[in-house]
Amino acid sequence: MTDLPPEHSGIRYTEGELERGEEHADHTVQGDSSSHELPQFKVEGHAASVLDPNAKPILEVRDLRMYFPVKSSGLIRRTIGNVQAVDGISFQVPKGGSLGLVGESGCGKSTTGRMVTRLYEPTGGSINFDGTEIAKTSARRLKPLRREIQMIFQDPYTSLNPRHTVGTIVGTPLAIHNVVPKKQILPRVQELLEIVGLNPEHYNRYPHEFSGGQRQRIGIARALTLQPKLLVADEPVSALDVSIQAQVINLLQDLQKEFDISFLFVAHDLAVVRHFCPEVAVMYLGKIVEIADRETLYNRPNHPYTQALLSAVPDVKQAAIGGRRERIRLQGDVPSPINPPSGCRFRTRCPLAQEICARVEPPLLQVGKRHKVACHFAGELGNHPDRPVTASLLGVDDTGAPDAGASPAANLTNEPGFADTWFDLERKTMASA
Amino acid sequence: MIAYAIRRLLIGALLILALTFVTYVLFFAVPSDPAKQACGKNCNEEQIEQTRIALGYDQPWITQWTEFLKGIVQGRQYPADEELRANNPKLVTDCEAPCLGFSFVNQQTVNKILSGALPISASIAIVALVIWVTGGVLFGILAAMTKGSFLDRGLVGLTLIAYAFPSFFIGKFLITYVSIKWGLVDYPAYQTIADGGFFGWLSALFLPALTLALLYMAGYVRITRSYVLESLGEDYIRTAKSKGVTQRVLVSKHALRAALTPLVTLIGLDFATLLGGALITENVFAYNGLGVIALQAFAADDLPTMVGLVILVGTFVIVANIIVDILYAVIDPRVRLG
Amino acid sequence: MSNPLLSVVDLKVHFPTNDGIVKATDGLSYTLERGKTLGIVGESGSGKSVSSSAIMGLHRGTNAHVSGQILLDGVDLLQLSNEDMRKHRGKEVAMIFQDPLSAMHPYYTVGNQIGEAYRVHHDVSKKAARARTIEMLERVGIPQPDRRVDDYPHQFSGGMRQRAMIAMGLINNPALLIADEPTTALDVTVQAQILDLLQDLQRDFDAGIIIITHDLGVVAEMADDVLVMYAGRAVEYGTTKEILTHPEMPYTWGLISSIPDVAGDTSARLIPIPGNPPSLLQPPTGCAFHPRCTHRDKVPGNLCVTTLPELVPGQRSEGHLKRCHIPDPDAVYEREVLPEIAPDLVEER
Numbered sequence: 001m002t003d004l005p006p007e008h009s010g011i012r013y014t015e016g017e018l019e020r021g022e023e024h025a026d027h028t029v030q031g032d033s034s035s036h037e038l039p040q041f042k043v044e045g046h047a048a049s050v051l052d053p054n055a056k057p058i059l060e061v062r063d064l065r066m067y068f069p070v071k072s073s074g075l076i077r078r079t080i081g082n083v084q085a086v087d088g089i090s091f092q093v094p095k096g097g098s099l100g101l102v103g104e105s106g107c108g109k110s111t112t113g114r115m116v117t118r119l120y121e122p123t124g125g126s127i128n129f130d131g132t133e134i135a136k137t138s139a140r141r142l143k144p145l146r147r148e149i150q151m152i153f154q155d156p157y158t159s160l161n162p163r164h165t166v167g168t169i170v171g172t173p174l175a176i177h178n179v180v181p182k183k184q185i186l187p188r189v190q191e192l193l194e195i196v197g198l199n200p201e202h203y204n205r206y207p208h209e210f211s212g213g214q215r216q217r218i219g220i221a222r223a224l225t226l227q228p229k230l231l232v233a234d235e236p237v238s239a240l241d242v243s244i245q246a247q248v249i250n251l252l253q254d255l256q257k258e259f260d261i262s263f264l265f266v267a268h269d270l271a272v273v274r275h276f277c278p279e280v281a282v283m284y285l286g287k288i289v290e291i292a293d294r295e296t297l298y299n300r301p302n303h304p305y306t307q308a309l310l311s312a313v314p315d316v317k318q319a320a321i322g323g324r325r326e327r328i329r330l331q332g333d334v335p336s337p338i339n340p341p342s343g344c345r346f347r348t349r350c351p352l353a354q355e356i357c358a359r360v361e362p363p364l365l366q367v368g369k370r371h372k373v374a375c376h377f378a379g380e381l382g383n384h385p386d387r388p389v390t391a392s393l394l395g396v397d398d399t400g401a402p403d404a405g406a407s408p409a410a411n412l413t414n415e416p417g418f419a420d421t422w423f424d425l426e427r428k429t430m431a432s433a
Numbered sequence: 001m002i003a004y005a006i007r008r009l010l011i012g013a014l015l016i017l018a019l020t021f022v023t024y025v026l027f028f029a030v031p032s033d034p035a036k037q038a039c040g041k042n043c044n045e046e047q048i049e050q051t052r053i054a055l056g057y058d059q060p061w062i063t064q065w066t067e068f069l070k071g072i073v074q075g076r077q078y079p080a081d082e083e084l085r086a087n088n089p090k091l092v093t094d095c096e097a098p099c100l101g102f103s104f105v106n107q108q109t110v111n112k113i114l115s116g117a118l119p120i121s122a123s124i125a126i127v128a129l130v131i132w133v134t135g136g137v138l139f140g141i142l143a144a145m146t147k148g149s150f151l152d153r154g155l156v157g158l159t160l161i162a163y164a165f166p167s168f169f170i171g172k173f174l175i176t177y178v179s180i181k182w183g184l185v186d187y188p189a190y191q192t193i194a195d196g197g198f199f200g201w202l203s204a205l206f207l208p209a210l211t212l213a214l215l216y217m218a219g220y221v222r223i224t225r226s227y228v229l230e231s232l233g234e235d236y237i238r239t240a241k242s243k244g245v246t247q248r249v250l251v252s253k254h255a256l257r258a259a260l261t262p263l264v265t266l267i268g269l270d271f272a273t274l275l276g277g278a279l280i281t282e283n284v285f286a287y288n289g290l291g292v293i294a295l296q297a298f299a300a301d302d303l304p305t306m307v308g309l310v311i312l313v314g315t316f317v318i319v320a321n322i323i324v325d326i327l328y329a330v331i332d333p334r335v336r337l338g
Numbered sequence: 001m002s003n004p005l006l007s008v009v010d011l012k013v014h015f016p017t018n019d020g021i022v023k024a025t026d027g028l029s030y031t032l033e034r035g036k037t038l039g040i041v042g043e044s045g046s047g048k049s050v051s052s053s054a055i056m057g058l059h060r061g062t063n064a065h066v067s068g069q070i071l072l073d074g075v076d077l078l079q080l081s082n083e084d085m086r087k088h089r090g091k092e093v094a095m096i097f098q099d100p101l102s103a104m105h106p107y108y109t110v111g112n113q114i115g116e117a118y119r120v121h122h123d124v125s126k127k128a129a130r131a132r133t134i135e136m137l138e139r140v141g142i143p144q145p146d147r148r149v150d151d152y153p154h155q156f157s158g159g160m161r162q163r164a165m166i167a168m169g170l171i172n173n174p175a176l177l178i179a180d181e182p183t184t185a186l187d188v189t190v191q192a193q194i195l196d197l198l199q200d201l202q203r204d205f206d207a208g209i210i211i212i213t214h215d216l217g218v219v220a221e222m223a224d225d226v227l228v229m230y231a232g233r234a235v236e237y238g239t240t241k242e243i244l245t246h247p248e249m250p251y252t253w254g255l256i257s258s259i260p261d262v263a264g265d266t267s268a269r270l271i272p273i274p275g276n277p278p279s280l281l282q283p284p285t286g287c288a289f290h291p292r293c294t295h296r297d298k299v300p301g302n303l304c305v306t307t308l309p310e311l312v313p314g315q316r317s318e319g320h321l322k323r324c325h326i327p328d329p330d331a332v333y334e335r336e337v338l339p340e341i342a343p344d345l346v347e348e349r
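Residue numbers (full-length UniProt numbering), protein chains in the order written: chain A, 1 to 433; chain B, 1 to 338; chain C, 1 to 349.
Source of the hints: derived by calculation from the structure; they are not laboratory data.
All figures in this text were calculated on a predicted structure; none of them were measured in a lab.
Keep in mind that a hint or two might mislead.
Each pair of labels, with its calculated beta carbon distance range [to be verified]:
(1) B:L160 / C:N63: 19 to 29 Å
(2) A:H177 / B:T265: 38 to 48 Å
(3) C:P313 / A:G382: 37 to 47 Å
(4) C:S279 / A:D424: 58 to 68 Å
(5) B:L138 / C:S279: 34 to 44 Å
(6) B:W65 / A:K136: 36 to 46 Å
Some, not all, of what chain C presents toward chain A, calculated at C-beta under 10 Å [what the hints assert, rightly or not]:
(7) M160
(8) T189
(9) V190
(10) L216
(11) A220
(12) M222
(13) S258
(14) I259
(15) A263
(16) I271
(17) P272
(18) N276
(19) P277
Covered stretches of chain C, going by a simulated chain B footprint (3 or more residues, C-beta under 8 Å) [said to hold, decoys possible]:
(20) 80-92
(21) 116-122
(22) 149-156
Idealized CB from N, CA, C, for every residue including glycine.
Please model the complete structure; the sequences and the hints are all you need to start from.
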């Protein structure tokens, strides 16, 4: 990482710079720090962020639920059911870290992001942001917190108002929250544009004058305006061309490092999430089925859904050296979240499913230092146990029927974060580091 | 589907109720004193008070409104004052349900006034509708299919001309040339189907309907053209084209069906408003339709007739809306099947 | 080899606009054998979709100027009358699209739309078309096809809609199937199902497939040959294995190195291609990729800016074509690019 060509050596290369190099020779952030309070950039590579296991959580979500009512089609519209978009998930985002939320459409990952930014009011559960409970807080009391949590949206074409100049779009949050005096809004906007790699002279242009990647940079600048502590990025690169995706991901990584921003990174692209997030949660039908540090989740996934998901991703770089992986084929489609399957929600498509899976919902069991999995037959690919590992903990027999003789374990709670002790799948006993 | 229709109807009924309330309140909140008008210029205070009692204007307006509603449902008798009716049976006028009020200016129930005019306005509206929808949609499709060609530009240019001429001019022109100078049709004078037969009725309506239709047609050519062009740009049109369907099927089956939804909305609302009378056209052709009635009621400050008209036209619009909503469900399976 | 199924020769698709001519496709040539798959890769605006629409004759009736030759089984599609081209569409060459929801008419049943494709080219009764439709739905793996045939598109899931589109495309047993980003709108597990299905059907129907995608991963799974497009031109063309293991054009390198990976080294950086895709109205002079190319220093003088490189055989084989001035691309790739993309993979090798 030391022998980088200069244009890759930090955030200062800009999109399109090569093309318009003649127009403005160099507009790097100069050292006149008197005019702004932002820290200066250090020249660093775009190395993937690493997990700091001791970082305090900035966001702690506990048993979060979001149900959308479903109305009947009869004469009188009664609520006949709920879309259980998110059903009891718990996780933490460490300060300055990033948690990835992955899953297929309809798994509840975007809904989760919207609850954390309080675009939705959760049906139940708690969201603790930096010591403050925000799940049920009123809009008025939420306003100061809105500065701290910002969102980056998927579609750079529709999320920017086409009738406003870039300067207005980026500067409006400053005016709303009275952060800086009016006179300083423009300099601050230009500074932000520069940070995200846009020409600061372009503040009076309109969104349609920019390309997709540049528009996403504008969206990022807007999110950065209020110096948030947490950014919820909802599919931030999936609408962009591949070559532009990497530019934006690198930008986000640099910003994270420079401003110590925490990320909740919501995406369907497993490779992008892997690249960005040291910790990743996999969701299926409103539940977290597996959550672990990156190395464990991608190299030794224990949930059959995670395994299938990973094997379904076509892999260019494997192909580039002539390798090819075997696919696990999942049958059918994701069931309706209005009436999800009993027990384990994945069982209808699961190659391992047995009787117990229909009867008892598997708990999200901690099976490693930073690894939790919700499966009765949790195990590495090709090494799944024949008998449910959870039976004795749940106090049921191997078919999921209540077992009078068994003593259920008391500590199967849906806590965010990780405990110091965990259940060792190999030895079937509790273990610790 | 049936539940959907019933729900729409119930909501429609509620809307009509609200409509009567709003019009009633608005009209009777105006500063002019209806009792004074009904009584005439030479009345003294005492006579005005008597008139007020006779017409029921002494009651609080909420009572008047509920009486009015009752009249719509059950019918009622005028004058409103019971004592007066009992003592002067000759003065009593029956107003059958749905009773829309009594016009003291015309000394007639509003129903009678409107029911004389409605068939004329409705006839003009129906014939005009047929002309403008067929013409507008056909030429609109034609323009869309030949987009950018001489034909397309010509059609769009013609719509501009049709827009530019006011309807009294077109009406006058048609009467003067088509009917009088060239003698192509009889001088238009309204006759019912019962009197003149279907063709008599139709020929009498042709010129006024054409006058109205030309204006609407101009709009519909443009709207149809743009809707068809829009749906021709949809992905599913590309799919149909890739299947190898002919241009004719592409337009008639795939593009037009999609353009139908917004067109149906427009047609429904335009037709409903037209049922309430076309003021200028009716005046030009001297047809005593609802438009003419409205003008007269306005000039004479005939509040009850105006209220009746507003409620009638409002009801047409609401009913048309319900029909459009139900048609939506018929056209679009996503509405029907959720 | 002498008679390929499809042979595209010097295809140009130009759109006149008020600001000048947009050369969306500018001199594209390739061939495809029966039963083989060609992947066309490129970013938005590279001309990959426009050139394939030209095969379907979808530019007819627009103001686009299409020239060159498109020989399908020896017949030049560009010379056909509009009516003859219509008869080819859906019968000899069929197409499936990116977003199956918007690609199907919302007001007609799935069965109606698939059956229509059959009835356009076969003089059969509605009943026979329906039977054939159900048979095709079953073949593409729709459960209970005799019931689902009467469903509307919105009642299908995304994956099932794409299956139905494939059934529609293959119902007339076409010689060539063009799939334009067929899995981009789908989830990964469903994408895997659809790719499997396409490969499986190709064996049965022996059709040639052109798969247009921005995703090299899809190409790696599906294609026998790859054509990489940039700014309306082919910049690299050869067998998939060859192109992915020994790419000789910096744009292809950029594509490979800018994608993150689900396996391998997590600390590896993403190396983006700097800049933005070029304007087709005023494409860069010389090599269209030169403003974004980080390997220009390997070419002597100002050649990249002044001269458009020819599409010529690369260093390794006659069949591997590339459009680049770099004299020793294979060595540069091995030395500079590969170690950055996948250091651990290099060690394995």
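Hint check results:
Hint check: B:L160 to C:N63, Cβ distance near 25 Å, so the stated range 19 to 29 Å holds. Hint check: A:H177 to B:T265, Cβ distance near 43 Å, so the stated range 38 to 48 Å holds. For the pair C:P313 and A:G382, the beta carbons lie near 44 Å from each other, so the given range of 37 to 47 Å is met. Between C:S279 and A:D424 the beta carbons are some 60 Å apart, a value that agrees with the proposed interval 58 to 68 Å.
Take B:L138 and C:S279: their Cβ atoms lie about 42 Å apart, and the range 34 to 44 Å holds. Between B:W65 and A:K136 the Cβ separation comes to about 44 Å, which falls inside the hinted range of 36 to 46 Å. A hinted interface residue such as C:M160 counts as satisfied when its beta carbon comes closer than 10 Å to some beta carbon of chain A; here the least separation is about 7 Å, so the hint holds. Given the 10 Å rule on beta carbons, the hint for C:T189 holds: about 5 Å separates it from the nearest Cβ of chain A.
Checking C:V190 against chain A by beta carbon gives a least distance of about 7 Å; that is within 10 Å, so the hint holds. For C:L216, the shortest C-beta to C-beta distance to chain A is roughly 4 Å, which falls under 10 Å, so the interface hint holds. A least Cβ separation of about 4 Å between C:A220 and chain A falls short of the 10 Å threshold, and the interface hint therefore holds. Residue-level restraint check for C:M222 holds (minimum Cβ-Cβ distance to chain A is 8 Å; threshold 10 Å).
Interface hint status for C:S258: upheld, as the beta-carbon distance to the closest one in chain A is roughly 4 Å, under 10 Å. At a threshold of 10 Å, the smallest CB-CB gap from C:I259 to chain A is about 6 Å, leaving the interface hint in force. Interface restraint check for C:A263: the shortest CB-CB distance to chain A comes to about 6 Å, inside 10 Å, so the restraint holds. Of the supplied interface hints, the one on C:I271 holds, with its beta-carbon coming within about 7 Å of a beta-carbon of chain A, less than 10 Å.
Contact between C:P272 and chain A, as hinted, is supported at the beta carbon level, the nearest pair being about 3 Å apart and thus within 10 Å. Residue-level restraint check for C:N276 holds (minimum Cβ-Cβ distance to chain A is 5 Å; threshold 10 Å). For C:P277, the interface hint holds, since its Cβ comes within 10 Å of a Cβ in chain A; the closest pair sits about 7 Å apart. Proximity of the stretch 80-92 of chain C to chain B, defined as three or more residues with a beta carbon under 8 Å from a beta carbon of that chain, is established by the 6 residues found.
Taking a C-beta to C-beta cut-off of 8 Å, the stretch 116-122 of chain C contributes 4 residues in contact with chain B, enough for the three needed, and the coverage statement holds. Residue count for the stretch 149-156 of chain C with a Cβ under 8 Å from a Cβ of chain B: 3. That meets the three needed, and the coverage hint holds.
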